[in-house]
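Participant: The primary structure of each chain is shown beneath.
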Amino acid sequence: MSDTHAQTVAFVRDTMLDQKDPPLNQVGAVKWIRENLFSGWLNILLTLASLWVVYAVLSHLLPWALRGVWDASNLTQCREIIAERYGAGTSAACWAVLTERWPQLIFGFYPKELYWRPILAFLIFLAAVAPVLFSAVPRKMLWVSALAPFVLFWLIWGGSLWGPIAAILGFVIGWAILTFAAPKIGTLLAVILAIVVPLFYWLVICGPLSDALASVVPLSLRAVATQKMGGFLLATIIGVSGIVLSLPLGILLALGRQSDMFIINKFSVAFIEIIRGVPLIVWLFTASLLLNYFLPPGTNFDLMLRVIIMVTLFSAAYIAEVVRGGLAALPKGQYEAADALGLDYWKSMRLVILPQALKISIPGIVNTFIGLFKDTTLVVFIGLLDPIGLSSSIRATTDWNGVYWELFVFIGLCFFVFCFSMGRYSLFLEKKLRREHR
Amino acid sequence: MSELATREVDRSQMKVSDEVAIQITKMNKWYGTFHVLRDIDLTVYRGERIVIAGPSGSGKSTMIRCINRLEEHQAGSIVVDGIELSSDLKNIDKIRSEVGMCFQHFNLFPHLTILENCTLAPIWVRKIPKKQAEETAMHFLEKVKIPEQAHKYPGQLSGGQQQRVAIARSLCMKPRIMLFDEPTSALDPEMIKEVLDTMVELAEEGMTMLCVTHEMGFARQVANRVIFMDAGQIVEQNEPEEFFNNPRHERTKLFLSQILGH
Chain A
0 MSDTHAQTVA FVRDTMLDQK DPPLNQVGAV KWIRENLFSG WLNILLTLAS LWVVYAVLSH
60 LLPWALRGVW DASNLTQCRE IIAERYGAGT SAACWAVLTE RWPQLIFGFY PKELYWRPIL
120 AFLIFLAAVA PVLFSAVPRK MLWVSALAPF VLFWLIWGGS LWGPIAAILG FVIGWAILTF
180 AAPKIGTLLA VILAIVVPLF YWLVICGPLS DALASVVPLS LRAVATQKMG GFLLATIIGV
240 SGIVLSLPLG ILLALGRQSD MFIINKFSVA FIEIIRGVPL IVWLFTASLL LNYFLPPGTN
300 FDLMLRVIIM VTLFSAAYIA EVVRGGLAAL PKGQYEAADA LGLDYWKSMR LVILPQALKI
360 SIPGIVNTFI GLFKDTTLVV FIGLLDPIGL SSSIRATTDW NGVYWELFVF IGLCFFVFCF
420 SMGRYSLFLE KKLRREHR
Chain B
0 MSELATREVD RSQMKVSDEV AIQITKMNKW YGTFHVLRDI DLTVYRGERI VIAGPSGSGK
60 STMIRCINRL EEHQAGSIVV DGIELSSDLK NIDKIRSEVG MCFQHFNLFP HLTILENCTL
120 APIWVRKIPK KQAEETAMHF LEKVKIPEQA HKYPGQLSGG QQQRVAIARS LCMKPRIMLF
180 DEPTSALDPE MIKEVLDTMV ELAEEGMTML CVTHEMGFAR QVANRVIFMD AGQIVEQNEP
240 EEFFNNPRHE RTKLFLSQIL GH
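Residue numbers (numbering that gives the first Met the number 0), protein chains in the order written: chain A, 0 to 437; chain B, 0 to 261.
Keep in mind that the hints were calculated from the coordinates and are not lab data.
Check each hint, because a few of them may be wrong.
[Unchecked claim] Label-pair distances were calculated between CB atoms; the ranges are:
hint: 1; chain 1: B; residue 1: ARG10; chain 2: A; residue 2: ASP259; range: 54 to 60 Å
hint: 2; chain 1: A; residue 1: ALA180; chain 2: B; residue 2: ALA230; range: 49 to 55 Å
hint: 3; chain 1: B; residue 1: ASP187; chain 2: A; residue 2: ILE32; range: 53 to 59 Å
hint: 4; chain 1: B; residue 1: PRO54; chain 2: A; residue 2: PHE427; range: 49 to 55 Å
hint: 5; chain 1: B; residue 1: GLN12; chain 2: A; residue 2: ALA180; range: 43 to 49 Å
hint: 6; chain 1: B; residue 1: GLU189; chain 2: A; residue 2: MET15; range: 27 to 33 Å
hint: 7; chain 1: B; residue 1: GLU189; chain 2: A; residue 2: GLY27; range: 39 to 45 Å
[Stated by the list, open to error] Not close to chain A: a few residues of chain B, all C-beta gaps over 10 Å, as computed:
hint: 8; residue: MET13
hint: 9; residue: ASN67
hint: 10; residue: TRP123
hint: 11; residue: GLU141
hint: 12; residue: ARG168
hint: 13; residue: ILE258
[To be verified] Derived lysine-lysine pairs resembling BS3-like cross-links, with alpha carbons at most 25 Å apart:
hint: 14; chain 1: B; residue 1: LYS126; chain 2: B; residue 2: LYS142
hint: 15; chain 1: B; residue 1: LYS130; chain 2: A; residue 2: LYS346
hint: 16; chain 1: B; residue 1: LYS89; chain 2: A; residue 2: LYS331
hint: 17; chain 1: B; residue 1: LYS151; chain 2: A; residue 2: LYS346
hint: 18; chain 1: B; residue 1: LYS14; chain 2: A; residue 2: LYS346
hint: 19; chain 1: A; residue 1: LYS431; chain 2: B; residue 2: LYS151
hint: 20; chain 1: A; residue 1: LYS265; chain 2: A; residue 2: LYS373
hint: 21; chain 1: B; residue 1: LYS173; chain 2: B; residue 2: LYS126
hint: 22; chain 1: A; residue 1: LYS139; chain 2: B; residue 2: LYS130
hint: 23; chain 1: A; residue 1: LYS331; chain 2: B; residue 2: LYS93
hint: 24; chain 1: B; residue 1: LYS130; chain 2: B; residue 2: LYS14
hint: 25; chain 1: A; residue 1: LYS346; chain 2: B; residue 2: LYS173
hint: 26; chain 1: B; residue 1: LYS192; chain 2: B; residue 2: LYS130
hint: 27; chain 1: B; residue 1: LYS93; chain 2: A; residue 2: LYS346
hint: 28; chain 1: B; residue 1: LYS89; chain 2: A; residue 2: LYS346
hint: 29; chain 1: A; residue 1: LYS183; chain 2: B; residue 2: LYS126
hint: 30; chain 1: B; residue 1: LYS151; chain 2: A; residue 2: LYS331
hint: 31; chain 1: B; residue 1: LYS126; chain 2: A; residue 2: LYS139
hint: 32; chain 1: B; residue 1: LYS93; chain 2: B; residue 2: LYS144
hint: 33; chain 1: A; residue 1: LYS346; chain 2: A; residue 2: LYS358
hint: 34; chain 1: A; residue 1: LYS183; chain 2: B; residue 2: LYS93
hint: 35; chain 1: A; residue 1: LYS346; chain 2: B; residue 2: LYS129
hint: 36; chain 1: B; residue 1: LYS89; chain 2: A; residue 2: LYS183
hint: 37; chain 1: B; residue 1: LYS129; chain 2: A; residue 2: LYS139
hint: 38; chain 1: B; residue 1: LYS89; chain 2: A; residue 2: LYS358
hint: 39; chain 1: A; residue 1: LYS430; chain 2: B; residue 2: LYS151
Model, not experiment: these values are computed from the prediction.
Beta carbons: idealized from backbone N, C-alpha and C, even for Gly.
Input sequences plus hints: build the corresponding full structure.
Facilitator: This is the structure in C-alpha cells:
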C-alpha cells in the first residue's frame with residue numbers, strides 16, 4: 000500500500016451539521032397514504048376495489064338503519080308508516096320492536112315492578128369488579144367484591160336474607176379451621192377438614208338454620224323463580240358466574256396436570272380431556288336431563304345452577320390448557336430459584352410462578368372468557384330464555400311476527416359491546432404489565 | 000481468564016473452624032441409567048471457601064445442586080448443618096432457607112422489583128415484618144453496591160448487576176452456607192470482575208462457600224481448597240498453591256494445561 004490515501008482517509012470535522020426537516024413527501028398523512036394505499040398499480044387497484052365494497056355495503060345498510068321507525072305498536076303499523084314516509088317497497092328498519100320489547104330482551108319475564116333489583120344488582124356488580132380489574136381502586140373495596148356474590152344472589156332471586164348469611168357462615172367456618180386449627184393438627188388435616196366441614200354444614204345444617212332464623216326475623220324480599228329470568232340478565236348471570244368460577248378451577252387443573260403426584264395428575268388429565276372432548280351442548284343436555292336421574296328424588300336443583308356448573312367446568316378445562324401453556328413458557332430457573340430460597344410449593348406458585356404464567360396467558364384466558372360468554376346463547380336449547388330464545392318468543396306474538404334483523408342486530412350489538420370491552424381490557428392489562436415488568 | 004482484585008485479599012477473617020458444615024458420604028446419583036455422581040465423599044468445615052473445577056459434564060454443578068435438593072441423590076447421605084437430606088419436605092425447606100444459591104443465569108424474578116426480589120423470601124419464609132425485611136435488603140444492596148437500583152425491575156439491569164442482586168437476594172435470608180453455580184459464566188468480561196469482587200468480600204467476612212467456577216484467579220486468591228472433578232468423581236483436591244503449581248493426577252494436568260495454556 001502506498002500513502003496515496005493519506006489525504007483522503009484522515010479526516011477531522013471542523014463544523015457540526017445542524018438538524019434538518021425531512022422532505023415533505025416523507026412525513027405525515029401523505030407518506031402514509033402513498034406507502035399503504037397507492038404504492039404500486041396492484042395496490043391502487045385493490046384499494047379502489049375495497050373502497051367500492053365498503054361503499055356497496057354501507058349504501059344499503061345505512062339508509063335501512065337510519066330510515067328506521069322507532070314508534071309503532073306492531074309490525075303492520077310499522078310497515079304502513081314506512082310506506083307512507085318513503086313510498087311502498089322501500090327497505091327500512093322497524094326499530095319499534097326494540098322500543099316496545101327491550102325490557103323483555105334484557106330482563107326476560109322478571110316482574111316489572113321489581114326491575115330495580117337486577118339494575119341495583121348490576122351497579123353493585125360494577126362496584127365489585129372495579130377493584131379486581133383496576134389496581135388504582137382502593138384495596139378496601141375488595142370487601143365489596145367478597146360480599147357481592149351473596150348480596151347479588153339475594154337481590155336477584157329474593158327470598159330470605161338469612162340464606163346468603165348462613166352460606167357465608169360456611170366460608171367463615173372453613174377459614175377459622177385453617178387459621179386456628181392448622182397449627183395444632185397439621186396443614187394437611189386442616190385443609191381436608193376446611194373442605195369437609197363446610198360442605199357438611201352447607202348440605203345439612205345451612206338450610207334448617209336459615210329457615211329457623213327467617214322464622215324469627217323474616218328480613219325477606221319477594222322471591223323470583225329462575226324460570227322468570229331471561230334475556231341479557233340470564234346471559235350475564237351465567238356468563239359472569241362461569242368466568243369468575245372457571246378461572247381458579249382452571250388454574251388448579253393446570254397445576255394438577257403438572258403435578259408429580261400420580262392420582263392428581265391423571266385425574267386432571269382425564270377431566271380436561273373428557274370435558275374438552277365433548278361438545279358443550281351435550282353437557283348442557285346432561286345438566287338439564289340426566290342430572291335429574293342421578294340426583295336423589297325430591298332434590299330441587301335449580302336448572303340455572305346446573306347450567307352454571309356445566310359452563311364453569313367446560314371453560315375451566317380450556318383455561319387449564321391455556322395456563323399450562325404459560326407455565327411451560329417459564330424458564331426452569333424460576334422454579335429452581337424459588338425452591339432454592341426455601342419457598343414451599345404453594346408459596347412459590349402464588350408469588351413467583353403464577354404471576355408470570357398468568358401474565359403470559361392473558362390473551363388466551365380472555366379469549367376463553369369471550370367464547371364462554373357467547374356460548375351462553377346455547378342454553379336456549381334446554382329451554383332457558385336467553386336473548387336469542389326471547390327473540391323467537393317475541394316473533395311468536397301476533398304483533399311482531401316476521402321481525403328478524405332488528406332483533407338480531409340489537410342482540411349482536413349488545414354481545415359485541417361486552418366482548419369488545421373484555422378484549423380491550425385484556426390489551427390494557429397486557430400493556431400495563433409489560434410496562435411494569437419489562 | 001480475568002485478573003482479580005486490584006487490592007490484596009484480606010485473609011484475617013477467613014478462618015476455617017472444626018465445625019462441620021456439610022458432610023457428604025458415598026453419595027451416588029443416576030440420571031436414568033447414566034451414573035452422574037460416583038461415591039462422592041466430601042466434608043466441608045465452617046468458613047471454608049471451596050472452588051470446584053472440572054470439564055463440562057463432570058458432575059460439578061449436579062453435586063452442589065444435590066446439597067440443596069435441586070437434584071435428588073439416590074444413594075449415600077448428605078448432612079447439612081446437622082440436618083440429613085431425606086425426602087421429608089420439612090427438612091428440605093429448612094436446609095434451603097439456610098443455604099443460599101446463585102445461578103449461572105441469575106434467575107431473578109422479572110415481575111418483581113429488585114427490592115421485592117430481596118424481601119420475598121424473608122417475608123414469606125422467615126416471617127419477618129415487611130419494613131424490617133426492606134431495611135435488611137437495602138443493607139445488602141448497599142453491600143453489593145447497587146442500592147440506587149432498588150426500585151427498578153431486573154430487566155433494566157446489566158448482567159453483572161443482576162448477578163450482584165442475586166447474591167444480595169440470597170444473603171437476605173442470612174444463610175450460613177453459599178453455593179455458587181458458575182456465577183460468572185454468562186457474563187461479559189467487563190462484568191465478571193464486579194461479581195467476583197462481591198464474592199471476595201463475602202469470603203473475607205468468613206462465609207462458607209462452595210463455588211463451581213472456571214475463574215482460576217479467584218480460586219488462587221480466595222479458595223482454601225480446590226476440588227477437581229471428572230466423570231462424576233472427585234479426582235484431586237488440594238490447597239490452591241499446590242493444586243496449580245504441582246497437580247498430581249494426569250487428568251488434572253491436562254485440564255490445567257488447557258485452561259491456563261493461553
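Participant: Compare the structure with the hints numbered earlier in the document and write down the numbers of the violated ones, lowest to highest.
Facilitator: 1, 3, 9, 10, 12, 18, 20, 24, 26, 32, 38
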